[in-house]
Amino acid sequence: MNLKSLFKTLIFTVLIVCCYSVTAQNSGLVQDSENQPIENVSVFIADQSILLKTNKLGEFFFDGKLPDNTYLNFYKNGYVSKLVKYKEGIEFVVFLKKLHVALDEVGVVESYSDLGNTKLTNIDKKSLENVFLRDNSMVESITQLSGVDIVSSGLGIQKVVVRGLSGMRVVTYLNGMQINNQQWANDHGIGFTDLGLGEVELIKGSSALKYGSEAIGGLLFFKDSPFTSNKKMNGYIASKFDNSSFLSSSQFGLNWKKNNFFFNLYGQYSISSDYRLPNNDYLFNSRFNQNAIKFSIAYRHKNLQNIFRYQYHYENPGIPAHAHVDPANIKIEDITSSSFDFNDAYKLLTPYQLVNNQLFNYNLNYLSNNLKLSLHLGHFINNLKEHEKWTRPAFNLTISNTQITPNIRYKIKDLTFNLGSQLSVLDNKNNEDERLVPDASTLNVGPYVILDYEKNNFGFNSGIRYDCKHLKSEDNISNVNYDNEFSNTSFSSGIYYKFLDNILRFTYSGSYRAPHFSELFSNGVHHGTNRFEVGNENLDIEYADQFELKYQWANEHFGFVINPFLQNISDFISIVPSDTFIDSYRVYNYKQYNNVEIKGVEMNLHYHPHQLHNLHIEQSYTFLQTKNKDDQYGLALVPANSVRTKILFDLNDYERLVKYKFDYLSFYHVYKFSQEDFAEYEELTESYSLINFQMGLKLRDKLLCTIGINNLLNKEYTPHTSRIRGVAGGVPNPGRSFNINLKYEF
Amino acid sequence: MKNFSLLSVLMIAVFGFMTSCSSSSDDCHECHIAYMNAAGAEVEVEIGEFCGDELADVETPGYAHTIDETIVGNDTVPAGTYTDIHCEEHADHD
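Protein sequence lines, in the order shown, are assigned to chains A and B.
Its first residue numbered 1, the first sequence is counted upward by one per residue in my numbering.
Its first residue numbered 1001, the second sequence is counted upward by one per residue in my numbering.
It should be emphasised that the hints constitute simulated quantities derived from the structure, not laboratory data.
The beta carbon of each residue, even a glycine, is placed where N, CA and C say it ideally should be.
Wrong hints could be hidden among the right ones.
[To be verified] Partial list, derived from the structure: chain B residues whose beta carbon lies under 7 Å from chain A:
#1 H1029
#2 A1038
#3 G1073
#4 H1093
[Stated by the list, open to error] Distance windows between CB atoms, simulated:
#5 B:D1075 - A:I477: 53 to 63 Å
#6 B:D1027 - A:L615: 39 to 49 Å
#7 A:A328 - B:T1081: 23 to 33 Å
#8 B:A1038 - A:Y466: 55 to 65 Å
#9 B:T1081 - A:K347: 29 to 39 Å
#10 B:C1051 - A:Y660: 33 to 43 Å
#11 B:D1068 - A:I477: 33 to 43 Å
#12 A:F738 - B:D1027: 29 to 39 Å
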């Protein structure tokens, strides 16, 4: 063999190796059941938060080698999503089955979840990618999930209720960091918007072991949109307008990749005036404004991945329905305006809140075939000022929270172990002498171990967590000197069985919640709630046990989910009114009830007529019953039972309509039953129906538009969980309003 | 390069909109005594417009304003010294 032929052989060998590495190790193929390639399938490399798309040939390519057992989630509208473990050296072809019933939001199909194995744990998911375009707000969008409701006073202040529990009992995480933003009060909103978010995962009840014992009501885990592996910069700009409050909101997003670096950048600006009631009056001071900016950078090298995220959120919500007398005694005319003046419509008025949130997140992941080591470091700073007066705040609080979470995930055949710990240091500091809650700090350490077993159609999981929380408060101004430790064990166990198209899951879990410093030491007027709140230093841990069953069945045209549950909470901490008044505000005291029972059933139906595959009918039912065994009155802020129906008519099959840019029509109907079970300071809430309509337009390939009407029948209603239900007999939610939203993707 | 030019423009735009809308309020505000009548309803007695340090004084706890003569109207507000003073706006209803 001469040198020339040796050189040729060498080149040929290198080419073969290259081709092999491209086709067999750095790429894959997605096909339907008839072996036809599927274009534009999302391929989500879950452990690295990277999103790929298949090309016209159904192929996708990734940089470098993927470790064995890396989770890849394949999904596309109209197909059954699939979660696949990557194996090196095996031809990587994934088949997706056509599906007309899209049930991803109720957990029937396979998907990757940060909160645990979706088969073994009852996890609900909701995509947030098009919330800005299709929904009023992120929180309102989440309430489309059964068992979820909202505490609000317009769009400015909104927070989530899960199975009748809210506040400290519903824990919120954003990209792995717990959000502590004085969430004990209903007038303190969720603290961020849908900006740059891709998905929210929800565990209802007390089974959220890995992310803390205190989520007795539930755990919301918000995740950023994944990084894209597109070398060309892409992104979007979007804008929305609603004529109820003359809301104007704009967002932009940018994603790109350079070598091993991945970048995401987002920004938002929103401004809103007072919202209009069905009688055309305006709820005075329900106005707000919000700004946010966030970016994420990821760097991947071999098996190591670093992700850094930063987010800044600023908002000024007005506090509507404010009064200096008992809210029940004021008239609706005193808190509403009959006219609207654009010159003053967006002007800041007292009382208002000034909220500054900064979130730093760092993730380090090391991936090998059966092992994933991860370390999360997070730091969250929340500054909340509540101004009743112009020149000084009624209170000015800064919470600074640092969290460290190391985790080891190790797989042995069908077993997966998660071993980790969560260390959290929180400091609450008053920046003014006037204070409602004192300076306080907590240190929480929570090691845990979770075992998952999954083989064929059977699986189980079991986990245990021990938390030790040290709470300290030395505040001479508030006259508080407190030092205490709360510790206990939480656990969760579940089994899963699949037979043909039937899936059955049973979970039993137990958790506890230590009293919060607001419950222990509050002492003063809270203008956001029109109350004088008094804490109780004798409060102790509250405990919860929950049984849950979930049965699911789905075929090509019909899907069905039923989810009964029973939760028992002992030593339930609650705030109750007294007959005493201080400075014309009614005094509310914290106390503990021996036993509270929460039970209910959630159901979901999804139907596609065989003759009309482009018609989607979804219905969800939520029935909830709470019982305070120590009191004749019920619990506060428990949502009424509801039936939600969504009809979506996809118009893309009709060429004539497509020619005129029509994309879809959507009707959303909510029926709320009357709420006859209420707390001492609440009253009965009548039943009501609400209809929203939306039309989607595809003006160009990448220019989307929605035109909608909310509260089509201009119904006057006040939800039982409205923050201002108790003011003036109930301040109604917005009347009929029109909105137009635009999104351009590039 | 084109990407980074676009990014720069966007960053400037972002900075623009984040800083252009000031949330600061006017420095002067109308203040009133919040007098509770026999029915427990609030009656507003205007005491004038206050700015800057004067506004801060009026909003200081313990600040007292004296009404020299009894005000007779729909609600009678007796002469005297009042400490419950607010400088917030209220809804305007016809």
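Quick rundown of the hints versus the structure:
Interface hint status for H1029 of chain B: upheld, as the beta-carbon distance to the closest one in chain A is roughly 6 Å, under 7 Å. Given hint, A1038 of chain B at the interface with chain A, is violated; its Cβ is 13 Å from that chain's nearest Cβ, farther than 7 Å. Interface hint status for G1073 of chain B: violated, as the beta-carbon distance to the closest one in chain A is roughly 17 Å, over 7 Å. A cut of 7 Å between beta carbons decides the hint on H1093 of chain B: the least distance to chain A is about 5 Å, and the hint holds.
Checked against the given bound of 53 to 63 Å, the beta carbons of D1075 of chain B and I477 of chain A, roughly 37 Å apart, lie outside it. Between D1027 of chain B and L615 of chain A the Cβ separation comes to about 59 Å, which falls outside the hinted range of 39 to 49 Å. In this structure the hint that A328 of chain A and T1081 of chain B lie 23 to 33 Å apart at CB holds, the actual value being about 30 Å. Judged by the Cβ atoms, the range 55 to 65 Å given for A1038 of chain B and Y466 of chain A holds: they are separated by roughly 59 Å.
Range check, T1081 of chain B to K347 of chain A: Cβ separation about 32 Å, and the 29 to 39 Å hint holds. The given range of 33 to 43 Å is broken by C1051 of chain B and Y660 of chain A, whose C-beta atoms sit roughly 58 Å from each other. Range check, D1068 of chain B to I477 of chain A: Cβ separation about 37 Å, and the 33 to 43 Å hint holds. Checked against the hint of 29 to 39 Å, the C-beta distance between F738 of chain A and D1027 of chain B comes to roughly 37 Å, which is consistent with it.
Against the hints set out earlier in the document, violations occur for numbers 2, 3, 5, 6, 10.
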